[in-house]
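Based on the hints, put chain H in the right spot on chain G.
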Amino acid sequence: MTEPVVVTGLGIVSPIGMDVASFTRSLRAGRCGVEVVTDPAHDDEPALLAPLVGFDLATALDGLDGLDGLAGLKPELRREVLRAGHRSPITIQAALSAATQAWLEAELPTRPVPGDRVGIVVGGNNLTGAYAFDQYDTYLREPMYLPARYALQVKDTDHVGTLSQALGITGEGYTVGASSASGNAAVMHAARMIGCGAVDVCLAVGAMSRLDPPERAALAKLGVLAEPDGTEVEAPRPFDRERSGFVPGEAVACLVLESRTGARRRGSLPLVELAGYAQALDGNSLSDPSVAGEARAMNTALAQAGVSGCRVDYVNAHATATPAGDDAELAALRRVLGTGRPWINSTKALVGHTLSAAGAVEAVATVVQMRGGFIHPNPTLRHPVGDGYRLVGATAVETTIDCALSNSFGFGGFNSCLVMLRA
Amino acid sequence: MNEHEVFEVVRDKTVEVLPEVAPAEVSIDGSLVDLGANSIDRVDIVTLSMEELGVTIPPTEFADVKDLRSLVTLLERYA
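Line by line, the protein sequences are chains G and H. Mapping of the first sequence onto the working numbering: position 92 corresponds to residue 92, and the numbering continues sequentially without gaps. Offset between the second sequence (1-based) and the working numbering: plus 1000.
Okay, chain G solo, but in the shape it has when bound (with noise of 0.2 Å):
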């Protein structure tokens, strides 16, 4: 493999905390942000989802300043930032939030690199689903009320356009997508980006998807999504028998990554390397999980990264609390790992499947969890499926975490891992 990277900087947005430090105490805490909501498009149903509420891009950049660690943020970056927000839909401000959290965090105001050796990798696809409905109304009333952004806005790579502008990025930027795994794609192609030398230093932003009535329905009707039950909310519930579907969670995470190399140069601390990751297809159009092919993938991870099997001390798992891709993952793990050492939990239980997103807000989990030295509750498992592995139950585990691996796995036959390592 080419020279080491490394993550230098972490961002978050989502419904337990709007930044990392606050993201972090609700992951201590095993806080869950699912909430009972009611469906407009459909006669006002109950629904599950963990939704972002009360943010405000103004507000989130005071709260910037001061926070620990994080380089203050300077009035003209302050105000480039809101200059690009300013007129975007909220999947948008919250990502400039996050990248900017991460860019802080990197030191890149104080300790700059040249605009066009930075890049960004936007994870996601479908992004604007609720974005066009919400529209679609006006259009039918008068298309010339459409918003005046709406032909840049109802494209994904808006997410590219307005962080570079806001940041000034210059260098190579996409949109990448993976399904469920498009979190881990960017990060994998940012990190790729940084060993051909493309870039010096990358985002990768896993990007928020928020679900049209349509597609939430559809989803419903593959049978994937968990309902309510009564007011009660149980679920979602990984690992656990009584498990009963996945609940969309809106959340937006960024991570800074570059060469262990040019952190070093450039004096940023690593919080962790990036030493291995992989994706493997199944070659398979529907939703179905293979067992062989999330082994492969984390296989080819483990390999790649130099590290056996055995090596492995939490596995922050893609597990999505439906049954068949739960088990999956859990036989896929036998086979990779060995051993029931490895502590295994899953962040949606916290924040539910956030989608587009999930691979970078799980990373970023699993990095603060490997630096704060605790692996975080999933709070409603009682009575874990499966035998024989060491499943975090509701209260958070306290130990070191030297090698992790965090997986994310996507409709369409889409496998990923991550292996870091201690910096």
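The hints are simulated quantities; they were obtained by calculation from the structure and are not laboratory data. Keep in mind the model is a prediction, meaning the values are calculated, not measured. Glycine included, C-beta positions come from ideal geometry on N, C-alpha and C. A portion of the hints provided could be inaccurate.
Derived contacts from chain G toward chain H, CB cut-off under 7 Å, selection only [claimed, not checked]: (1) His86; (2) Met144; (3) Tyr145; (4) Ala148; (5) Arg149.
Then chain H, alone, in the frame of chain G:
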């Protein structure tokens, strides 16, 4: 609707689209370009104004609109 009422709508939408501009800075003798509006901001302000006034104006009509006074005049004609 008179010219002043139309101008007030345009001023409100200008401030909505350009948060760094205060209402007092928007004068009928000025231009959106001078207030820092780029091309898409100008379309944004015009779209919001048209919707507020309940009018639709074909894009070709805007060929001679160069400043706020000519914009207000055009909108008033349709309002």
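Taking the hints in turn, this is what the structure says about them:
1. The criterion of a C-beta within 7 Å of any C-beta in chain H is met by histidine 86(G), whose closest approach is roughly 6 Å, and the hint holds.
2. Residue-level restraint check for methionine 144(G) holds (minimum Cβ-Cβ distance to chain H is 5 Å; threshold 7 Å).
3. Evaluation of the tyrosine 145(G) hint against chain H yields a held restraint, the C-beta minimum of about 4 Å falling below 7 Å.
4. Of the supplied interface hints, the one on alanine 148(G) holds, with its beta-carbon coming within about 4 Å of a beta-carbon of chain H, less than 7 Å.
5. Nearest Cβ of chain H to the Cβ of arginine 149(G): about 6 Å, under the 7 Å cut. The hint holds.
Checked against the numbered hints listed earlier, the structure breaks none of them; every hint is satisfied.
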